[in-house]
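Listed in order, the protein sequences are those of chains A and B. All residue numbers for the first sequence refer to my numbering, where the first residue is 780 and numbers rise by one. All residue numbers for the second sequence refer to my numbering, where the first residue is 913 and numbers rise by one.
Quick caveat, the hints were computed from the structure, so don't treat them as lab data. From the three backbone atoms N, C-alpha and C, an ideal C-beta is built for every residue, glycine too. It is possible that part of the hints are untrue.
Covered stretches of chain A (in silico footprint by chain B; criterion: 3 or more residues with CB under 8 Å from a CB of chain B, positions within the stretch not fixed) [stated by the list, open to error]: (1) 819-831; (2) 874-881; (3) 887-894.
Here are the simulated EDC-like cross-link-like pairs (lysine to aspartate or glutamate), alpha carbons at most 20 Å apart as the crow flies [stated by the list, open to error]: (4) Lys956/B to Asp836/A; (5) Lys1018/B to Asp836/A; (6) Lys959/B to Asp885/A; (7) Lys822/A to Asp999/B; (8) Lys1018/B to Glu825/A; (9) Lys822/A to Glu997/B; (10) Lys959/B to Asp836/A; (11) Lys956/B to Asp885/A; (12) Lys856/A to Glu825/A.
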Amino acid sequence: QVQLVESGGGVVQPGGSLRLSCAASGFTFSSYGMHWVRQAPGKGLEWVTFIRNHGKDKYYAGSVKGRFTISRDNSKKTLYLQMSSLRAEDAAVYYCVKDNSVWAFDIWGQGTMVTVSS
Amino acid sequence: QSALTQPPSASGSPGQSVTISCTGTSSDIGGYNYVSWYQQHPGKAPKLMIYEVSQRPSGVPDRFSGSKSGNTASLTVSGLQAEDEADYYCSSYAGSTNWVFGGGTKLTVL
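Produce the complete structure using the sequences and hints provided.
Written as structure tokens, this is what we have:
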């Protein structure tokens, strides 16, 4: 079945770095753009970043631009999010999400929690 | 990019209909037919319920419907059922390969 499984979350100090991974299965990963969407505890959803299917074009929310980097390895069917200079406000559940080709988020992973605390 | 505006709460009795609004601007909802809606139960990942304003993915009951007028989109849930109680989020493509979400609406089935 179509599935996205995130990993790599954890506790990191302010200013630190963390890399999230997302393993895809059940669909042709290389054919679809992919997003990261986050949700702070008790808060709403926030779009973070998008990468096109070929990996050459990447887009970021203003709140993370210059600090986060999205990438993908189509041969491994894996999406990544490299996060650096982490701030308290980056603490959230990070979801790996498939784009359905008409700008909607159709398949979501279970999420991985990132905690930023000293 | 500012978040879309949703009412914090909505409610209805079983069998009734409820409509949740989502207000944006001409730069997002008003400018594109790429409005989508998501259902999120506590502790779970969101689930796509509506895309392209009014399209339902396979498996989503036809009790769920979407529409748009100007800068405001709406999600209507007809024939409310207990399992519809959840948080609902709207989202819109906002141009320049950016997306924006609403703040969420907690739907209570009385």
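Tested hints:
Only residues whose C-beta sits within less than 8 Å of a C-beta in chain B count toward coverage, and the stretch 819-831 of chain A has 5 of them, enough to reach three; the restraint holds. Three residues within the 8 Å Cβ limit are the bar, and the stretch 874-881 of chain A against chain B gives 3, so the coverage statement holds. Counting residues of the stretch 887-894 of chain A whose C-beta sits closer than 8 Å to any C-beta of chain B gives 4, which meets the bar of three, so the coverage hint holds. Proposed proximity of Lys956/B and Asp836/A is contradicted: the alpha carbons are some 30 Å apart, above 20 Å.
For the hint pairing Lys1018/B with Asp836/A, the CA-to-CA distance comes to about 35 Å; that exceeds 20 Å, so the pair is violated. Using a Cα cut-off of 20 Å, the hinted pair Lys959/B and Asp885/A holds, with the two alpha carbons roughly 7 Å apart. A distance of roughly 11 Å separates the Cα atoms of Lys822/A and Asp999/B; the hinted pair therefore holds under the 20 Å criterion. With a C-alpha separation of about 17 Å, the suggested pair Lys1018/B and Glu825/A falls inside the 20 Å cut-off, and the hint holds.
Pair hint Lys822/A plus Glu997/B holds up; C-alpha atoms about 17 Å apart against a cutoff of 20 Å. As the CA atoms of Lys959/B and Asp836/A are separated by approximately 26 Å, the hinted pair breaks the 20 Å bound. This hinted pair checks out: Lys956/B and Asp885/A have alpha carbons roughly 15 Å apart, not beyond 20 Å. Among the hinted pairs, Lys856/A with Glu825/A is inconsistent with the structure: their alpha-carbon atoms are about 24 Å apart, more than 20 Å.
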